[in-house]
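S.K.: Sequences and hints are given; from them, build the entire structure.
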Amino acid sequence: MAEIPKAYEPQAVETKWYSFWEEHECFTADPERVSEARPAYSIVIPPPNVTGVLHMGHVLNNTIQDILARKARMDGKEVLWLPGTDHAGIATQNVVERALRKEGVMKHRDDLGREKLLEHIWEWKEKHGGIIIDQLKKLGASCDWSRLRFTMDENYTKCVQRVFVDLYKKGLIYRGKRMVNWCPKSLTALSDEEVIMKEQNSQLFYFKVQVVEEPDTWLEIATTRPETIPGDSGIAVNPNDPRYANLIGKHAVRPLPVENQAHLPIVADEHIDIEFGTGVLKVTPAHDKADFEIGQRHKLEVIDVINANGKMNELAGADLDGLDRFEARKVATAKLEEMGALIKAEDYKNNVGFSERADVPIEPRLSEQWFLKYPSQEQSRECVANGALKFYPERWSKTYDYWMDGLQDWCISRQLWWGHRIPVWYRGEEIHCGLEAPEGDGWEQDPDVLDTWCSSWLWPFATMGWPGDTETLKKFYPTTDLVTGPDIIFFWVARMIMAGYEYKGDLPFRNVYFTGIVRDKKGRKMSKSLGNSPDPLELIEQYSADALRFGTMRSAPLGADVLFDEKDVELGRNFCNKLWNACRFRQMQGGETEGEIDPTLLTSDDRWILRRLDQAITEVTDAFAAYRFTDATATLYRFFWSEFCDWYVESCKATFFSEDAARKANVLAVFDFVTGHTLRLFHPFMPFITEELWHGLGFSAEMPDDQGGQTIMTAHWPKSFQDDFKEHYALDETIDDLVAAKHELVTAGRNLRGIGNIPFAKKIDYIIKPAAKLDAYEVEVIQSLLNAESLKVDADYAPRKGTPVARSALGELYLPLDGLIDVDAEKVRLEKQLEKIASEIQKADAKLNNPKFTERAPEEVLQEAKDRLAEWQQKEQQTREAIEYLADA
RNA sequence: GGGCGAUUGGCGCAGUGGCUAGCGCGCCGGCUUUACACGCCGUGGGUCGGGGGUUCGAAUCCCUCAUCGCCUACCA
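According to our numbering, the first sequence is numbered sequentially starting from 2.
The hints are simulated quantities; they were obtained by calculation from the structure and are not laboratory data.
From the three backbone atoms N, C-alpha and C, an ideal C-beta is built for every residue, glycine too.
Some clues are possibly wrong.
Result set (DSS-like, lysine-lysine): computed pairs, CA atoms no more than 30 angstroms apart in a straight line [unchecked claim]:
#1 LYS853 with LYS867
#2 LYS171 with LYS505
#3 LYS844 with LYS876
#4 LYS374 with LYS300
#5 LYS774 with LYS793
#6 LYS522 with LYS138
#7 LYS171 with LYS290
#8 LYS126 with LYS186
#9 LYS654 with LYS579
#10 LYS391 with LYS475
#11 LYS793 with LYS654
#12 LYS526 with LYS126
#13 LYS159 with LYS505
#14 LYS867 with LYS774
#15 LYS654 with LYS665
#16 LYS770 with LYS867
#17 LYS828 with LYS793
#18 LYS350 with LYS199
#19 LYS391 with LYS476
#20 LYS505 with LYS391
#21 LYS828 with LYS763
#22 LYS199 with LYS522
With beta-carbon atoms standing in for the labels, derived distance ranges [unchecked claim]:
#23 ALA309 with SER36: 54 to 62 angstroms
#24 ALA810 with LYS526: 49 to 57 angstroms
#25 ALA309 with GLY114: 15 to 23 angstroms
#26 GLN616 with LYS774: 49 to 57 angstroms
M.R.: Written as structure tokens, this is what we have:
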């Protein structure tokens with residue numbers, strides 16, 4: 002047995018064990034090992050962006066996955082945790098382009114051209130793509146790294162293309178000219194999910210237009226976008242609006258001087274909100290989704306006045322031509338005012354869609370794009386509704402269902418270079434969709450690439466070698482659990498489910514655990530600009546990975562956001578230290594670990610801690626089954642610190658310092674039994690320190706060597722004790738009462754020192770008057786826990802009236818103080834206590850005097866209430882006596 | 001506009017019909033007690049967001065109001 006060093010040095014220990022696990026292939030999944038006796042457990046990582054660095058969200062997410070994977074291994078399952086990274090189209094291209102501009106390699110991507118830019122991005126990927134993988138290893142992630150995947154691996158790319166071609170042939174993918182969300186900065190179309198609505202402090206401008214047929218009539222219109230007036234091709238009112246009924250079918254003239262000064266038809270459309278503004282809408286079909294649809298209904302002209310880059314064009318008129326859209330808004334407003342058409346401008350809050358990546362307002366734009374009609378919609382809705390696929394917390398299934406109910410076709414083409422190129426070729430009017438370029442000359446491949454999510458929605462099976470019918474796929478698909486954030490429920494989760502049904506005929510995972518969002522302790526979202534996002538690597542450096550994991554899990558309840566506080570990590574660190582020192586203390590006692598427990602030598606404390614351990618095993622195991630990791634950590638914390646260290650270990654000291662070798666050996670055996678179980682219960686949460694201590698205490702010697710290494714990783718998950726075990730060791734309930742009474746007496750006894758302000762270190766003499774015969778062992782332990790010089794057992798003890806006393810079911814514990822008491826302070830304390838007792842008695846009385854209660858409450862509830870009243874009355878009597886005594890003193 | 005969630009001691013949370021509403025951190029007081037000051041011992045501190053109802057009994061179930069958060073939405 003190697004000696005456990007005095008100070009825990011996590012950095013060296015963590016590196017050592019991670020290498021050990023990797024060398025011994027502890028993370029490797031082998032489909033051949035899967036059998037009835039050894040079921041498969043699988044989980045695919047939500048692939049982080051290949052250029053990403055580890056943040057607190059990853060820590061939370063991957064710690065949970067690792068906990069699940071490690072627990073599954075201890076349950077005897079063959080575990081595949083499949084890792085990988087995502088090429089993250091726009092994000093990555095942005096990052097690399099920015100770097101290249103900074104380095105002066107290019108000003109704009111057109112300077113380099115497609116091929117060259119892609120070379121640079123690949124180069125970047127090779128250089129930085131491994132960073133986050135190394136960081137996950139630091140965290141302790143037990144992924145099967147031999148299967149590391151990337152969404153632009155050759156095989157993966159083939160999957161993406163194959164699916165595209167298939168859906169094209171099924172008629173589910175089509176090309177069309179539609180209104181899309183256009184990002185004027187990235188110069189690409191975006192899906193609805195990539196647009197984030199943000200509330201803006203805007204202005205609502207009221208201006209007037211003249212009705213052509215009735216020159217005396219002016220219509221007032223409210224708009225937030227006066228710069229698009231040149232793109233207006235109609236005026237719309239609600240058909241049920243009496244104010245404007247007589248104008249329908251007539252025309253109006255734009256106030257802005259533009260080349261094309263046509264008369265705009267006034268149309269009636271149900272979509273117009275009578276209440277809003279003036280109830281009159283200017284219709285700009287080219288620059289607003291709703292307007293486009295109104296335009297379609299009334300055959301209005303589409304006048305595109307904004308270019309792809311967000312600048313106005315010549316159709317906007319000479320005044321606005323070439324201006325940025327926001328600049329143009331100011332100019333247009335000034336122009337309206339100059340013309341006397343502006344009535345007023347009022348402050349107004351509205352929601353504007355922003356590009357998720359480029360963070361600029363998106364521009365609705367008519368554009369030729371590829372769209373996808375979602376496949377397997379019915380099955381995908383059904384599996385969540387009927388519980389075949391479970392969401393944790395369950396309430397997200399409503400969100401899911403709501404979205405599935407209103408599915409809109411997905412715009413999948415992106416005007417980018419980094420990504421999977423669309424497998425379609427054109428030659429004149431001809432079009433070819435296939436895995437290979439068509440035969441013959443003159444074919445041009447579509448320049449666009451696919452939305453990133455258009456590859457990641459295949460992740461669960463594409464990473465397992467699909468479309469080949471591989472062993473991995475057969476054994477590990479569908480996966481067991483998916484751990485991800487609810488923010489990508491539509492982006493990713495829903496789409497994976499649909500792809501899973503469409504291509505594997507089965508759901509992709511059975512359970513989805515939605516983590517909360519990691520916020521700072523003030524509840525704010527973590528962000529670079531706020532600077533409130535700690536670097537997990539620094540936290541690991543300072544506190545250890547185990548501390549970070551435990552601290553995070555301890556404050557991350559299922560279904561709630563995580564308010565991250567570095568204090569939590571500190572607590573994790575402190576806990577590791579406690580664990581470490583408790584094990585060190587064990588080792589300092591010497592003795593072998595293989596000691597068998599002799600049931601005849603078990604003390605009440607031994608039995609009690611075994612019962613507590615059994616309880617902890619049940620609680621932690623149940624918590625796992627319900628994905629309640631916070632509960633599991635709370636149980637472990639309570640059990641190990643409050644029950645094992647604070648009471649059991651302290652009780653053991655009486656034995657350890659005694660001369661009784663047999664008794665000592667038996668306590669050590671119990672101690673080892675408990676720590677052996679505890680380390681295993683902790684292992685999923687704190688893999689490194691538990692492995693170190695497992696070896697340090699010599700438990701590894703008991704391990705089967707079936708994976709080329711002796712490791713706690715494959716030790717069996719503790720099971721709740723069987724009845725025959727409990728019987729053999731006499732672990733019956735009566736133990737709990739005895740030990741609880743003992744603890745109560747000790748705590749109360751320690752409190753007696755408070756009366757005279759006697760420091761705990763001072764050895765003093767207590768006298769105990771036992772209620773029944775008290776074991777010599779119990780007396781010894783109580784004396785030790787009280788740090789008493791002596792503890793005299795005297796069944797006939799007749800204390801002087803008012804001697805401080807502590808009581809519990811075990812008996813009475815006296816501390817003769819002989820004039821050390823501060824009479825006044827003590828009196829105040831007792832008076833206060835009396836008030837509290839009186840109020841409790843009143844409550845209990847009221848309850849028992851209520852005939853409805855006494856008639857209808859069940860017998861045991863009634864009895865409890867009676868007992869409680871009696872208890873309080875007794876306390877009242879005792880307190881009165883003490884006060885009386887003080888008055889005499 | 002619709003939906004979801006939250007509201008319990010200073011802070012973060014547990015507690016879904018019945019013990020005196022718990023826990024962690026913090027606060028306060030005392031301790032170099034033979035593992036651990038990243039520690040030990042102990043004390044305070046809450047009319048469970050407001051109001052109403054159901055019930056013998058409500059933090060817990062129902063109604064209502066308030067505040068906060070999240071998601072969703074083509075009110076320009």
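S.K.: Now tell me, hint by hint, if it's right for this structure.
M.R.: Structure-based check of all given hints:
1. LYS853 with LYS867: Holds, because 15 angstroms separates the two Cα atoms, which is no more than 30 angstroms.
2. LYS171 with LYS505: Cα-Cα ~16 angstroms, so holds.
3. LYS844 with LYS876: The hint holds at about 15 angstroms.
4. LYS374 with LYS300: 26 angstroms, holds
5. LYS774 with LYS793: 14 angstroms, holds
6. LYS522 with LYS138: With a Cα-Cα distance of about 27 angstroms, the restraint between LYS522 and LYS138 holds, given a limit of 30 angstroms.
7. LYS171 with LYS290: 28 angstroms, holds
8. LYS126 with LYS186: Roughly 23 angstroms separates the two Cα atoms, so the pair holds.
9. LYS654 with LYS579: 17 angstroms, holds
10. LYS391 with LYS475: 22 angstroms, holds
11. LYS793 with LYS654: 20 angstroms, holds
12. LYS526 with LYS126: 28 angstroms, holds
13. LYS159 with LYS505: Measuring from Cα to Cα gives roughly 16 angstroms; hence the hint holds.
14. LYS867 with LYS774: Holds: LYS867 and LYS774 sit about 28 angstroms apart, inside 30 angstroms.
15. LYS654 with LYS665: 10 angstroms, holds
16. LYS770 with LYS867: With Cα atoms ~27 angstroms apart, LYS770 and LYS867 stay inside 30 angstroms; holds.
17. LYS828 with LYS793: 28 angstroms, holds
18. LYS350 with LYS199: Distance ~10 angstroms between LYS350 and LYS199 Cα, so the pair holds.
19. LYS391 with LYS476: Holds - the C-alpha atoms of LYS476 and LYS391 are around 21 angstroms apart, at most 30 angstroms.
20. LYS505 with LYS391: Between LYS505 and LYS391 the Cα gap is close to 19 angstroms, so the pair holds against 30 angstroms.
21. LYS828 with LYS763: 25 angstroms, holds
22. LYS199 with LYS522: 24 angstroms, holds
23. ALA309 with SER36: 54 to 62 angstroms: Since ALA309 and SER36 have Cβ atoms about 58 angstroms apart, the given range 54 to 62 angstroms holds.
24. ALA810 with LYS526: 49 to 57 angstroms: 53 angstroms, holds
25. ALA309 with GLY114: 15 to 23 angstroms: 19 angstroms, holds
26. GLN616 with LYS774: 49 to 57 angstroms: 28 angstroms Cβ-Cβ, so the 49 to 57 angstroms window is violated.
Hint 26 from the list above is the single one not met by this structure.
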